[in-house]
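Engineer: Chain by chain, the residues run as shown.
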Amino acid sequence: MRYVLGLSATIFALVAFSADAAACTMCNVEVRDTIAEQFWDMAWRVLAPFPLIAALFWALDRMK
Amino acid sequence: MTRVVAANAVRTGPLVSAGAVIGFGMGGFIDGIVLHQILQWHQMISNILPPDTLANKQVNTFWDGIFHAATWTATAIGIALLWRALRRRDVIASPLMMWGALLLGWGTFNVMDSAFNHYIFGLHNVHEWIANPMMSNHIFLAVSIGLIVIGWSLVQSAKRTSKAAENL
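Each protein sequence line maps, in turn, to chains A and B. Just so we're aligned: 303 in my numbering is position 24 of the first sequence, and the numbers increase by one with no gaps anywhere. Just so we're aligned: 909 in my numbering is position 61 of the second sequence, and the numbers increase by one with no gaps anywhere.
Same shape as in the complex, but just chain A (with noise of 0.2 Å):
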């Protein structure tokens, strides 16, 4: 349980991080400036449902 949870929240922010990180060097500067601008408001919007998959396991693994 403990890695998945590690493993996930590590990927997680890489994701978000390298995601923001390439945002800034994109070409087209309105595209640019619209993701700069709503990033992290958006990030945990599209991200929120992927740590349920820890509730999921966790639910799962225990069955007999």
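Worth flagging that the hints you see were computed from the coordinates, not collected in a lab. None of these values were measured; they are calculated from a predicted model. No incorrect hints appear here.
The following label-pair restraints were derived from C-beta to C-beta distances:
#1 A:W337 to B:I968: 18 to 24 Å
#2 A:K343 to B:T909: 42 to 48 Å
#3 B:V997 to A:E316: 37 to 43 Å
#4 B:G994 to A:L293: 32 to 38 Å
#5 A:L331 to B:G994: 17 to 23 Å
#6 A:N307 to B:P943: 47 to 53 Å
#7 A:L293 to B:L887: 27 to 33 Å
#8 B:T1009 to A:A333: 28 to 34 Å
#9 B:V997 to A:W323: 29 to 35 Å
#10 B:Q1004 to A:N307: 49 to 55 Å
#11 A:V308 to B:R932: 44 to 50 Å
#12 A:V308 to B:A928: 38 to 44 Å
#13 A:E316 to B:W1000: 38 to 44 Å
#14 B:G970 to A:P330: 17 to 23 Å
Every residue gets a Cβ at the ideal spot worked out from N, C-alpha and C, and that includes glycine.
Please arrange chain B on chain A, whose structure you already have, making use of the hints.
Structural biologist: Structure of chain B alone, referenced to chain A:
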């Protein structure tokens, strides 16, 4: 090689949880590939920022990428869990149970997608380009619950089959 395990020591949880996590991730890919890219019914934030200009399309594609990165992560974790499960001596690799777990995970992904992205946050609708997009959300949710019911039934059926075999 045949594994001999005491009947009361057999566990189904590790296989079902691994299958469900893979199903969760692959369910996300089905949504992304079929509904975002092939049919183009919606994109990740198409209800907030309709992809009707090139710039809006690019922003939506960016968030589709973040979504796909997360589904890839879920699938990778599921494969690691499956690898761990299949190395255990008390886990039987039942194909029926695996199919059930995959459907269970797929349905769970869709229900989470419905709850968060369609109803709570309103990031997108299943089909943005019809007169009543909310109806497509309701149908999607109903189908998703159906996937969970079928998946759970298959898992239970596989459990009963394996218990009957143990009792022979």
